[in-house]
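J.: Chains as they are written, first to last, in the UniProt record's numbering: chain A, 1 to 238; chain B, 1 to 400.
It should be emphasised that the hints constitute simulated quantities derived from the structure, not laboratory data.
Virtual Cβ for every residue (Gly too), placed ideally from N, Cα, C.
Be careful, since some hints might not be right.
Here are some chain A residues pointing at chain B (derived, C-beta under 10 Å) [as the list claims (entries may be wrong)]:
#1 Gly55
#2 Val79
#3 Arg86
#4 Pro101
Dumping the calculated EDC-like pairs for lysine to aspartate or glutamate here, alpha-carbon to alpha-carbon at most 20 Å [stated by the list, open to error]:
#5 B:Lys391 <-> A:Asp81
#6 B:Lys391 <-> A:Glu59
#7 B:Lys274 <-> B:Asp87
#8 A:Lys33 <-> A:Glu227
#9 A:Lys118 <-> A:Asp104
#10 B:Lys274 <-> B:Asp61
To give an idea of the chain B side of the interface with chain A (calculated C-beta under 7 Å), a few residues [to be verified]:
#11 Met1
#12 Arg7
#13 Ala395
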Amino acid sequence: MAEGIRIDNLVKTYGQGDTAVHALRGVNMSVAKGEVVGLIGPSGSGKSTLLKCLGAVIEPTSGRMTIGDRVIYDDGWKVGDLRALRRDLIGFIFQAPYLIPFLDVTDNVALLPMLAGKPNAVARKEARDLLEALDVAHRAAAMPSQLSGGEQQRVAIARALVNRPPVILADEPTAPLDGVRALAVVDMLNTMARQFDTAIIIVTHDEKIIPTFRRLYNIRDGVTIEELQLEASPARRT
Amino acid sequence: MISLAGRDILHGWGKFVLTGVGLGLLIGVTLSMAGVYRGMIDDAQALLDNSGADLWVVQKDTLGPYAEPSSLNQDTERPIRAMAGVDRAAGVTYLTMQIAHEGKDVRVMVVGAEVAEPGEPGQPPHLIAGRRIVQGHYEAVGDVKTGFAIDDEVTVRRNTYRIVGLTSRMVSSGGDPMLFLSLKDAQEAQFEKDADAIVRQRARNASSPLLNPPGNPAVAEAVNAAQASSTNVNAVLVTVVPGADAEEVAATIRRWQRVTVYTRAQMEEILIEKMIANSARQIGMFLVILAIVSAAIVAFIIYTMTIGKIREIAVLKLIGTCNRTIAGMILQQALGLGLIGFAVGKIAATFWAPFFPKYVLLLPADSLRGFFAVMAICALASLLAIHAALKVDPAEAIGG
Chain A
1 MAEGIRIDNL VKTYGQGDTA VHALRGVNMS VAKGEVVGLI GPSGSGKSTL
51 LKCLGAVIEP TSGRMTIGDR VIYDDGWKVG DLRALRRDLI GFIFQAPYLI
101 PFLDVTDNVA LLPMLAGKPN AVARKEARDL LEALDVAHRA AAMPSQLSGG
151 EQQRVAIARA LVNRPPVILA DEPTAPLDGV RALAVVDMLN TMARQFDTAI
201 IIVTHDEKII PTFRRLYNIR DGVTIEELQL EASPARRT
Chain B
1 MISLAGRDIL HGWGKFVLTG VGLGLLIGVT LSMAGVYRGM IDDAQALLDN
51 SGADLWVVQK DTLGPYAEPS SLNQDTERPI RAMAGVDRAA GVTYLTMQIA
101 HEGKDVRVMV VGAEVAEPGE PGQPPHLIAG RRIVQGHYEA VGDVKTGFAI
151 DDEVTVRRNT YRIVGLTSRM VSSGGDPMLF LSLKDAQEAQ FEKDADAIVR
201 QRARNASSPL LNPPGNPAVA EAVNAAQASS TNVNAVLVTV VPGADAEEVA
251 ATIRRWQRVT VYTRAQMEEI LIEKMIANSA RQIGMFLVIL AIVSAAIVAF
301 IIYTMTIGKI REIAVLKLIG TCNRTIAGMI LQQALGLGLI GFAVGKIAAT
351 FWAPFFPKYV LLLPADSLRG FFAVMAICAL ASLLAIHAAL KVDPAEAIGG
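Next comes chain A alone, as it looks inside the complex (with noise of 0.2 Å):
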């Protein structure tokens, strides 16, 4: 399978010196297109860290990343507008959907075809299809407000699919939900990392979904450990 998102003894320290953090101590990770990985870990083990390392939003200390074949970060970024990589490169899927309340659903998810330039109408009919694709095409023209909370998931969903990226980087995305819903979350991305040929990190602590990935990450201390969830059903999960 090709890879999707690769990162290579990738380091990030805070500060300098004697008051240095070392938040990320060489992690490993690869991940391929569509697979969906999760990444566990305790509080303060770095996730957050990797997550943004990843989205770049903030910048290692050093190491390599790569997404797909483009090597974005090696020692240094590659890429001069970081926000045109996050727009076209990764998706982000958040612990709340985040959704922009002032916007309608559809357009909530035709924003990011729109900033990445599409024409409106083009934007908007990639928009519905993908509502449609994720049974949430009833409710494009209601506001955030007037969705439950699982609807409002696979709209977020949908705005993290829209610009067909590489990479979905989701952070705690079933946090809110209660089982059933969340197993239906993780299914949803399942198919449409398949769908989409997308490579898909979740980061979680739901003890619920933890097994039903195929490969876990565990981040112990700024270092990563790959654990095999050999248990986890194909049929029913990946």
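Given the coordinates of chain A, assemble chain B onto it according to the supplied hints.
T.: Structure of chain B alone, referenced to chain A:
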């Protein structure tokens, strides 16, 4: 690209419009203040226009008759009439006073003008009802703002006058409506002493051997008669013949008479740059303070609105929205607020202007200037919120 600012405004339009209305009332006050200043200038110009004069002849070395007391003998007008370039010359008196009418006090400027011939300088140039003064005594023409009606009787000092005509926009530089009397009546109102003063003066005259020489009572009578009345005027208003140069005529009058002569431009300067200069500065200070208050309010509102959207701004930045788009959204909201505020302010000022006791003149040019000032203030006020938004770290959208 959709308008993020427009969508945000539509989403919370009630709050936005109410805020705009509040700001608009403040802008309405600001526009009204500017209107009050314009009204003062217009009143001053109306005073000069309506006097019908090209030149104002006043007591030497005074700024009279509007800015300083001025007293001339009425006979001054006769030699002036004979001078080259002079068309008409007529004495006038001006006296601001409070008169009682139907249980209310009305502040008026009593104007005494020569009434023998129509069109003499100093007479009201137009009437909206009734007729001009044709009798030498006890008739008056009032500005409609006095509240007088035709055939009303008003008392000025010791005499009662019947309103025979009404005119409009005849006000003093202070905005007081004018009440026109014949020159003789106005002189009596202005210069005649009260009975007690006359009695005391006569007693003094009687005790003076110079003014009351023994064996010649006619001298004392003549002195008493001269002291009891006045033939003084505050100014002589002069019109020049068509084609004559007012400045040259003024120079001729100055050469032959011990008086001060002002042209229209000089009198306008006295009224506008000397008389209302302090009021103008006062209003200017108010305008500056109101502009600062408006800016502070807009800045606070836009800043609060922006701070309330920090998480959304972080998400927008995280998903690739550029700073320009976010700054544009905040700027457009500030300008939108200014637009609503200006519209409300303009409408409010237009509606309440007629209820002001003094003339409020809302000029389209001032409104246009006000509009651009409001937009500039709103744009400046949005800088604080834009700064706050641009400082938002997209990482705030990611937990941890």
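J.: All hints, please: hold or fail.
T.: Hint check:
Hint on Gly55 of chain A holds. Least Cβ distance to chain B is approximately 7 Å, under the 10 Å limit. Hint on Val79 of chain A is violated. Least Cβ distance to chain B is approximately 12 Å, over the 10 Å limit. Using the Cβ-Cβ criterion of 10 Å, the hint placing Arg86 of chain A at the interface with chain B is satisfied: the shortest such distance is roughly 5 Å. For Pro101 of chain A, the suggested interface contact is upheld, since its CB lies about 7 Å from the closest CB of chain B, less than 10 Å.
For a cut-off of 20 Å, the pair hint linking Lys391 of chain B to Asp81 of chain A stands: about 18 Å separates their Cα positions. As the CA atoms of Lys391 of chain B and Glu59 of chain A are separated by approximately 17 Å, the hinted pair is consistent with the 20 Å bound. Distance check on the hinted pair: Lys274 of chain B and Asp87 of chain B sit about 29 Å apart at the alpha-carbon level, beyond 20 Å; violated. Only pairs whose Cα atoms come within 20 Å are accepted, and Lys33 of chain A paired with Glu227 of chain A is accepted, the gap being roughly 19 Å.
Distance hint between Lys118 of chain A and Asp104 of chain A is fulfilled; the C-alpha atoms sit about 18 Å from each other, no more than 20 Å. Only pairs whose Cα atoms come within 20 Å are accepted, and Lys274 of chain B paired with Asp61 of chain B is accepted, the gap being roughly 15 Å. Hint status for Met1 of chain B relative to chain A: holds, with the closest Cβ pair at about 5 Å, below 7 Å. Because the closest C-beta pair between Arg7 of chain B and chain A is about 5 Å apart, less than 7 Å, the hint holds.
For Ala395 of chain B, the suggested interface contact is upheld, since its CB lies about 4 Å from the closest CB of chain A, less than 7 Å.
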